[in-house]
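Chains A and B, in that order, are what the protein sequence lines are.
The opening position of the first sequence corresponds to residue 1389 in the numbering used here, with each subsequent residue numbered one higher.
The opening position of the second sequence corresponds to residue 1389 in the numbering used here, with each subsequent residue numbered one higher.
Some hints here could point you the wrong way.
As the list makes no split between identical chains, a pair holds if one copy fits it or if it spans any two.
[To be verified] Derived SDA-like pairs (lysine to any residue); straight-line CA-CA distance at most 25 angstroms:
id : residue 1 : residue 2
1  : K1509     : S1493
2  : K1439     : L1510
3  : K1463     : T1576
4  : K1570     : A1437
5  : K1570     : G1398
6  : K1509     : L1453
No lab work stands behind these hints, which were simulated from the structure alone.
2 protein chains.
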Amino acid sequence: MGRWDPDAEGRLRTAALELFLERGYELTTVADIAERAGLTARTFFRYFADKREVLFNGSARLQQLMVETVNNAPKNVTAMGAVTAAVLATSEFFVDNRDFACRRSSVIAAHAELRERELIKLANLSRSLAEALNRRGVLEPDASLAAEAGIAIFRIAFDLWIRNAERRELGEIVLDLLARLKGLSAET
Amino acid sequence: MGRWDPDAEGRLRTAALELFLERGYELTTVADIAERAGLTARTFFRYFADKREVLFNGSARLQQLMVETVNNAPKNVTAMGAVTAAVLATSEFFVDNRDFACRRSSVIAAHAELRERELIKLANLSRSLAEALNRRGVLEPDASLAAEAGIAIFRIAFDLWIRNAERRELGEIVLDLLARLKGLSAET
Chain A
1389 MGRWDPDAEG
1399 RLRTAALELF
1409 LERGYELTTV
1419 ADIAERAGLT
1429 ARTFFRYFAD
1439 KREVLFNGSA
1449 RLQQLMVETV
1459 NNAPKNVTAM
1469 GAVTAAVLAT
1479 SEFFVDNRDF
1489 ACRRSSVIAA
1499 HAELRERELI
1509 KLANLSRSLA
1519 EALNRRGVLE
1529 PDASLAAEAG
1539 IAIFRIAFDL
1549 WIRNAERREL
1559 GEIVLDLLAR
1569 LKGLSAET
Chain B
1389 MGRWDPDAEG
1399 RLRTAALELF
1409 LERGYELTTV
1419 ADIAERAGLT
1429 ARTFFRYFAD
1439 KREVLFNGSA
1449 RLQQLMVETV
1459 NNAPKNVTAM
1469 GAVTAAVLAT
1479 SEFFVDNRDF
1489 ACRRSSVIAA
1499 HAELRERELI
1509 KLANLSRSLA
1519 EALNRRGVLE
1529 PDASLAAEAG
1539 IAIFRIAFDL
1549 WIRNAERREL
1559 GEIVLDLLAR
1569 LKGLSAET
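Next comes chain A alone, as it looks inside the complex:
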């Protein structure tokens, strides 16, 4: 496997997750990850700033996808409609990555530092969505409320989706949660 292997990133990712689960996140080094993937540490650093970024470097793309989906929603789409479209767009983003997502969640759940980083990424995602809504003319506090509701749905849907017993697509779960939130809010 040469240094120009087109799937070096994917191999490094798979190797890292295997090692994080086998021997623990703290005890895994970049050298270990590169070795397991049959690549060099130099190649590792072409894709990731450090081992933590193996778990988090997808979040910039996810944020971009969600913000663009809000930006591209037709003018007459409501705030919650635009947020829903953004959350549904993540379904395709993750469709081929369920195994990675499951393993990633196990590693994150076991480390306070990683759970904190995940919370920060989600808070940033929520703020970006609120700002995208602001640019569409949605005023505060509605923009922040819709963004927070969307991120809450995304997070809960994602946690359900990666369970072994769950058979629905991520998008189906999102729509179910959206209907549930509507029902819960209507009851007050």
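With the hints as your guide, set chain B onto chain A.
Then chain B, alone, in the frame of chain A:
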């Protein structure tokens, strides 16, 4: 002012916030805080584990108050009704502490480490509320959804409430946001 001053905790809190804003959070020591309050470091440590806890030691009481409010809601109250009661209960908790809350928010906003801690506290609060709902017989994912919606409303209401231009009570803002969430969800 003697060592048995009954408001030692309040004076330490006020002194700490003054110093955090005057010279920065990092550059303020426990000795500085005690000196400004006219007390000893020993007294400081009777109330707070470290200077960060001046900002966060209220969250355990807040969590207890919100969980008890959910626990004490009559059986026939809905999930979102119980969460709303819990969020409204915070209004009384904070009513005499608006100045402290404003200053605290300024300090937290200026420090990534403190913002992270705030996110963790809010995530823990949300999980505690979901668990309290579970004990009332509210199943998942509704319990988590209602808890997340409640915490989103609490956070946004709180940020509005501490603004200088805001004249409403925290509880009024909470009820306004709840109505807005209902409207936003109904539009989808």
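A quick look at each hint next to the structure:
1. Proximity of K1509 to S1493 under the C-alpha cut-off of 25 angstroms is found in both arrangements, the shortest distances being 14 angstroms within a copy and 20 angstroms between copies.
2. When the C-alpha separation of K1439 and L1510 is checked against a cutoff of 25 angstroms, the pair qualifies only within one copy, where the shortest distance is 20 angstroms, while the shortest distance between copies is 27 angstroms.
3. For the homomeric pair K1463 and T1576, the shortest alpha-carbon distance between copies (15 angstroms) is at most 25 angstroms, but the shortest distance inside one copy (30 angstroms) is not.
4. Taking the closest pair of Cα atoms, K1570 and A1437 never come within 25 angstroms of each other, the shortest separation being 41 angstroms inside a single copy and 43 angstroms across copies.
5. Proximity of K1570 to G1398 under the C-alpha cut-off of 25 angstroms is found in neither arrangement, the shortest distances being 39 angstroms within a copy and 42 angstroms between copies.
6. Taking identical chains as interchangeable, the C-alpha atoms of K1509 and L1453 lie at most 25 angstroms apart only when both belong to the same chain, with a minimum of 14 angstroms there against 29 angstroms between chains.
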